[in-house]
Structures are given as structure tokens and as C-alpha cells.
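Order-wise, the sequence lines are chains A and B. Under our numbering, the letters of the first sequence match residues 808 to 1133, in that order. Under our numbering, the letters of the second sequence match residues 2 to 287, in that order.
Only true hints are included.
If you want a taste of the chain A side facing chain B, the calculated C-beta under 10 Å gives, among others:
| # | residue |
| --- | --- |
| 1 | Leu-862 |
| 2 | His-921 |
| 3 | Leu-925 |
| 4 | Met-927 |
| 5 | Leu-930 |
| 6 | Ala-944 |
| 7 | Met-1062 |
| 8 | Gln-1099 |
Keep in mind that the hints were calculated from the coordinates and are not lab data. Don't be surprised by glycine CBs; every beta carbon is placed ideally from N, CA and C.
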Amino acid sequence: MSAASALAQRHRFRAWELLPWIAGVAVFFAFPNYLAFGTQVLITILFALSLDLVLGYAGIVTLGHAAFFGAGAYTVGMLAMHWGWNEPLSGLLAGALVAGLIGLGSGLVLLRTHGLALLMLTLCTMALLEQAANMGAAWTGGFDGMPGLSFGKILGLFGFDVLYFRSQYLYALTVLLVCFLLVRTLVYSSFGQSLTGIRENLLRMHAVGAPVRARQVLAYTVSAALAGIAGALFTQANGYVNLAVLGLERSAGVMIVLILGGYGRLYGAFVGAIVYMVLEHTLAKAYPTAWQLGLGLTLVAVSLFARNGVIGLLDALRRRFAKPAP
Amino acid sequence: MDLISILLGGMAAGMVLFIVSVGLSVTMGLMGFVNLAHGGFAMLGGYAIVLSMTHWGLPFFAALAFGFVAVAAIAVVLERLLYARLYGASELDQVLFTIGLVFAMIATVTLSVGPETQTVVLPEWLRGQTDLGFIQYRTYSLALIAAGSALMVALWLGFERTRVGARIRAAVDNRRMAQSMGVNVGRLFTLTFALGSGLAAAGGGLGAEILGLDPQYPFRYLAYFLIVVAVGGMGKVAGVFVAAILIGVLDFVLKIYFPKGGTMFIYALTLVLLLWRPQGLFGRRA
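Let the sequences and hints guide you as you build the complete structure.
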């Protein structure tokens, strides 16, 4: 296969790309007792996928991505709490809309900077939202958040089951599939190509006349809307929302998930979220401090030696053992 | 509370911010290294100082010196072994590496000392009130202001009046040019990194009375240290001094008058300032 045809065909679906979704459905039948945990994993995958679009593809380093997750989560929570708007699908859209608007507004001004200033500005934007959520207790519940929210049936058919998370799991899986297809299409479109170009060589993209700023803002907005959907899913599935959705810990956490998996490669979010959350689920409860120490040392090692994460390591192994091309 | 005591209280907090953040500003300016672990060095220093006082019975100043030296030594080892590999690496790698380092530091402290808050026992003569003639104020806060100002003067003299200082300023302004003039930027960086981390350690101990000291310290105050550096301008000692006092006083005032949402105002102000001047108040445009 020539390089040109490989490039022309790289957007096509391969058979193995069905595997994650088969596995997702298989988990539903095989582990009925772990669906609550599975739902959290799916939400994290979606959140990490949204981050991959800005960080992995557009190369924008942000410490404040939880701002959009929190915006989506609080939008759905406040709609349900104050206006009794608890229809799930329109709630997702509302979360995406609010987070996307915040992404658009902040992206338009923030993305004029870079380096430390950009890092600080994303951090400050998130901190601002966090403080606003803390202060506006009448609307947001303040420090305690909004517990005990209830949501209507999905499409009027499937009710949320607080104990077993059966419909939450399938709902999250479906939403993830739709969002994934959107991101996959975007990434392989000419828009995605120019994002990669901006990441790899900013100067050259300016020189060839690409609308760099507009592309970055658009990527930032789409990513914010997707993170908003992830946040909205979080509130709907768990039936509560609190300040933890907006903190530095969530921002850093999702970044760690994405990088452990491998950024800028679509499936990194999946691998990272599953590896990280399964390890956290099994280790963090029993040995929280040792887990933190191990996580810290792993991050140091990953940043020094394995910059492409788990998938990058697998790629390197495959290349080492593959026969050289004839 | 009257105006002067508010100002003094805010300035004392600002001095702590200055002592901790000044090293971060210089190392970031010198290498462009995004060091999110700086607060971790302050925490390690705070623990070294407090524990050496309670367990070994070291006097206050000896403990300060011990914390400074111990953390500076740890910093040199980490810098040579690990940080040096990431100079010129992407911001993302640096962010990830330093976050990992903070996790490891927090876990180490929690495992070896415990998760509870540590309290500093100040020497007798630093407790109580001092009469300034026109006002009575906490002796320790006044001592902090004096110490911070003295440090500011010392650093300013070091930067402006010595050969090493001139080299550092040259390397901050234009690293490649400085290198081609024969300045060993790598060694300069090791030196400033050690000094900056040592000062952070001293700041962690001196500030434990105001900021508290527990394993969550590095993340809780990370945003504050970064804001001080971003507002003051990277590699600018005087800028960091002014920014630290501004933020210390502002935070103090807001905590009195708007106890619930005062910090929001600081974030908003930083946001506006950085949009207006991305290089900070005193930084030079890149």
C-alpha cells in the first residue's frame, strides 16, 4: 500500500474499531453489579475525549477544562432544581449549549495568549466559575451542591434506576458513541488536519494563510460543549452535583487520564480512563496514600520516558517486533 | 479594624507569598519551565522546619537554616536528575512531570508524618504584640514584614550589583545570546533553582503560621503562587515583590469585607490583567 493511499484511507473504519463498543455492551451483561462504576468510566472517557480535541489535536495546554464539565453539570442540576426541567436529552443539549457558549466566550479572549499566561488564564476562568458556584448558594447550593436530583425517563421510556444504573449505563454508552463519531469525523476532516498543523508548526500555518485563531476557537468551543455533555451526564446519572465537578483536581485528573492513555490518538481517552479508573477503584480505596505515591511516580516516569502513554508504548512494542517492511 | 492594621496584616501575608514565589519567578523566567511543584518544595521546607523544632529541639533560626539547606539540596538532586531532562520539552510534559512530583511529595509527607495540620511554635520574643508608637500590632507579622523587605533588598542587590545577578538577568532576557557570550546557563539554573527552592522552604516555615501546613498545601496555594508570578512578571524580583504585596493586601481586605466570595475578585482581576498584559505588570514583552 502506497503512502498516498494509506493517507487517503486512514479515516475509514477498521474492524477492530467495533471492539470497544462490543466490550461496552458485553460489560452490561457480564457485570451487572458494576454498572454504576462503568457509567463513571464512560463519563470520564467522554470528558477525556473532549480534552483530546484541544490538547491532543489543537495543542492547547489548559489547566481549566473542568470549567466546562462543571458548567454542563450545574446547568442540568439548576434546570432540574429550579425549573423542574428534568427531561434528560434536552438537558444534555442545554449543558452542551451553556458550556459551549462559555468556551466560545473565553476562547475568543484567552486564545490570544500562549505559554504561562494561557495556562494561568484557563486556571483563573475555572477558579472564577468555582467561586461563583460556591457563592451563589441560592442557585447552586453553594458548598453542599444539589443533592437528590431526579430526572425524567429517557425518550419517555427508560427511567433512571438509582440502585442499579442499568439505563444510566446504556444511556452514557449511547451518548459516548454519538460524541465519539462526531469527534472522529472532525479529526479526520480538513478542519482536523489544520488543527494538527497548528499544533505541529504554528508559524507555517500562519504562513500558508490558515485561519489559525478561528480554528483554535472553534476547536475550543466544540471541546467545551462535549465536556459540558460529559458534565450533564454526570449530574443526570448520579442525581447530584457539587463543587468537586469544578476543581483543579478534576482538571488535572482528566489530563492525567488522557496522557496515560496517549493523547492525540482518539482511543487514548478510552485506554486511559479504563486503566486509570480500574486501578483507582481497586487501589485507592484500600491504600489511598500509596496510590497517590504510585500515581505521582508513574506521571514522572510517563513524562520522562513514555510521552505517548499506554497506546504509544504498545505502538513502540509492535514496531520493535514487527518484521521490517520489504 | 482600622486601615493601618489591615495594611500590616495584608503585607505580612504578602511577604510570605513573596518569599515563596520569588524563586518560582526566576526559574520560570530563566528556563521557561512550568514548575507546578514549587509549592511542594515550600511544603517540604515547612515540615523540615517544624519537625526539626519539635523533635530535635532546634531553635527557630537554626531550624529555618536547616529547612533551607535540606530543601535546596533535594532541589539540586531533583534538578540534575529529572528537571534537566525536560528543558525545552513541551509545556504539557513539564506540567505533567511537576504534577506527578507534587503527588509523590504529598504522599511521602502523608506516609511519613501523617495527614494532620502541623503547628509552629514561635520563640518567645516573636509572640505577643509590639508597640510601634502609633499602633500595637502582632510582633510576628511585623517581623515577617521586616524579613521580607530585607530579603527584597538583598535579592535586588544580588541581581543588580553582582556578576552572577547580571548573568541571570542576561539569561532571562535572551538565553541563547547569553549562552553564546559564554554564560553557563545550565549551572546558573541549578544555582537559582536551589536558591529559589530553599527560599520557598523558608517561606513554607515562616508562613505556616498564616497559611497553615498540611499535606494539601501545594495544591491549595498553587494558584496563588502562580498568580503572583504571572502578575509580577517572570524573572522580575521587584515585580514579584509588588505583586505579592498587592495580592496579600487585597486578599486580606476581601476576607474581612466579603468573607464568602473575596477570592473570586482576585481571580477576575488576574484574568483582566493578563488579558491586558500577558507578560504581567512588570514583565518585558516577548
